[in-house]
Amino acid sequence: MASVTYKQISKRFADGTTALADFNLQVNDGELMVLVGPSGCGKSTALRLLAGLESVSNGELLINDAVINDLTPQQRNIAMVFQNYALYPHMSVRRNLAFPLRMLKLPPEEIARRIAWAAELLQLTELLERMPKQLSGGQRQRVAMGRAIVREPRVFLMDEPLSNLDAKLRVRIRTEISALQRHLKITTLYVTHDQVEAMTLGQRVAVMNSGRLQQVAVPQLLYERPANIFVAGFIGSPGMNVFASRLQKQASALAFEFAGQWLEVPRNQRFNPEMLAPYVDQPVYVGLRPEAFEPTGSSEAQVELTLTAVEALGHEQLLYFDLSQVSAPNMIVRLQGSSAFTIGDKIPLALHTTELYLFDKMGKAIYTRAEKEKR
Amino acid sequence: MSWRRLVSMGLSYAALLLLAFLFVSPILLMLTGSMKADARVLVEAGSFRAFLPLDVDLQNYRDVFARVDFGRYLFNSLYITGMVVLAGLVVNSLAGYAFARLAWRGRRVLFGLVLAILILPLEAIAVPLFYQVTLFGWRDTYLVQIVPFIANAFSIYLFYTFFLGLPRELEEAARLDGAGVLRTFIAIIVPNSKPVFATVAILSFLSQWGVFLWPLMVTSGEAVRPLPLAIATFYTLPPLQWGDIFAFGVMMVLPILLVFLFFQRWFIRGVVATGIKG
Ligand SMILES: Nc1ncnc2c1ncn2[C@@H]1O[C@H](COP(=O)(O)OP(=O)(O)OP(=O)(O)O)[C@@H](O)[C@H]1O
Ligand SMILES: [Mg+2]
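Taken in order, these protein sequences are the chains called A and B. So the first sequence is numbered by my numbering: it starts at 320 and just counts up by one. So the second sequence is numbered by my numbering: it starts at 46 and just counts up by one.
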């Protein structure tokens, strides 16, 4: 039973790098929390602070409401799976699994019992006498997991444990990890930079960028109600297209500018004119997911854009349009199936403006109060 | 294989053989000379016959044992060198680890000093050191020949660079698994550092085996003196008996060969490449 709290944690390294700034996160008992973000955003640092491998510069780390800042790694009872697995090269699988138990000074029968249990659970029984160098990548990964679970830690940390595996194996082991975690109910922090992995694995997902927490939510909510432009652009494959724009009052409704056109802001549970009033005639950002566009006949088209590149993925197609936008150099449109397009042509597009997102000039998403509370 | 390649290969083999002979010849000379009568050694010194085992006579070896207490000197050398090597492995590896991995105040300054000592020859500090050990009353002991040579800047440096190259995650995993610093060092670092332990053992054995100046300064009489001082007595009074000197030399080189053969397999094994996927 362990919940984990990061309370206003910041971490500055000796060379002045700030890896974490005012980082707040609460992980519930038995939860699988995924930390996701681009390279260098401080994910590993967050884990290493919790494990006690680095010292906290500011703030408090708590396990079950007890501050653990000053405990040594040994005292914290936290296990970690490293990206390169860090199996002890000179020990057999059995001795690798036994090492943490021997450190706990458990009696030999208990050690044997726990190794048998973990080996059974992770299908390592046949491999127990092998040396790490005689194992495949996937097997090493399982040994590393085994070494972490045998001593029944309070918290389980995994730092990109799948990044050394090929794509197929990654998907399989991802499912296994998810099942294992549900079975053992160990509070887990899982780090990845792959948003697909984060979305499929996480019971909740914490999105980070340059040392700061951007949003914590269940995966679906991250996708449907991103808190800011960063999350909108990071989640989804590809992420949301975000453009600099303006809002204007027109006869019947509010309108936003997109590619030189004025289009109507829909009136739905997300937006109403009263709440948008303060943003009228102000610079804002509009966001539209790649799925929110559709090529149509030119009569229904709202915009016509020049196609710059096409990527065919088999079941779907990505169309690239050169529009200067906020989150990426290209605007990407995703289509199901495949149809023929010629690069350089002007493509008439219809927009599902019901799928519109608005962000204020600081990049924060604008939602109605009801929507905000949902988050 | 083409004609040209055959010729070029032949040539390079010939060159290599010549070079190899150049390096082996002193040892060969010593080995064959140790089995010849003194007169013969001198006569043949100028010809190629010096390298041929024309006699197989162990009289020189018997002479060595008659002239000095070889067993005593051998024991002294083995004991002193063995202690310096063993204690040196413990002390210098721990020091190298502390410099490479532990965070402590003054680490950089101290490591700078270690590097500075690296270029200081024994001759430069021999005299003050001599006064110091005289003050301690350590003259004519094993201790005086062992203690000053245990901590060694070069060994520390070798350990330091090797430990820096070990994947940090191994140690971190051990810490999380509940091992303390010393336990991590003994159970995880040492077993994965055999090449550097072997290298340091061989190098410090070699340098310690041949020490001459220091024992000459701090010892008198054969009770605690090592082999190099014994062979020196063979040079002091003419006529020089080259056969005896060669025989002594052969017996003095043998332990070096044995040590080298014992440790070299760790040399070949190379660095840890397992358990970590690169
Ligand atoms: N020991 C250190 N000393 C100085 N700076 C460090 C140290 N460790 C990490 N950093 C810096 O802190 C920042 C966060 O690093 P961290 O390893 O936590 O990133 P990450 O999110 O895990 O990235 P990745 O996905 O590439 O693993 C980076 O800018 C990194 O360069
Ligand atoms: Mg990382």
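Since the hints were derived computationally from the structure, they do not count as laboratory data. Since the model is a prediction, treat every value here as computed from it, not as a measurement. Take these hints with a grain of salt, some might be off.
[What the hints assert, rightly or not] Straight-line distance between alpha carbons at most 35 angstroms, and here's what the computed DSBU-like set of lysine-lysine pairs gives:
#, chain 1, residue 1, chain 2, residue 2
1, A, Lys326, A, Lys504
2, A, Lys452, A, Lys568
3, A, Lys424, A, Lys504
4, A, Lys452, A, Lys487
5, A, Lys326, B, Lys239
6, B, Lys239, A, Lys452
Evaluation of the provided hints:
1. This hinted pair checks out: Lys326 (chain A) and Lys504 (chain A) have alpha carbons roughly 23 angstroms apart, not beyond 35 angstroms.
2. Taking the CA atoms of Lys452 (chain A) and Lys568 (chain A), the gap is about 68 angstroms. The hint is violated against a cut of 35 angstroms.
3. Between Lys424 (chain A) and Lys504 (chain A) the alpha-carbon distance is near 25 angstroms, which keeps this suggested pair within the 35 angstroms criterion.
4. As the CA atoms of Lys452 (chain A) and Lys487 (chain A) are separated by approximately 22 angstroms, the hinted pair is consistent with the 35 angstroms bound.
5. Taking the CA atoms of Lys326 (chain A) and Lys239 (chain B), the gap is near 44 angstroms; set against the 35 angstroms cutoff, the hint is violated.
6. Annotation: proposed proximity of Lys239 (chain B) to Lys452 (chain A) holds, straight-line Cα distance about 17 angstroms (limit 35 angstroms).
Checked against the numbered hints above, the structure breaks hints 2 and 5 and satisfies the rest.
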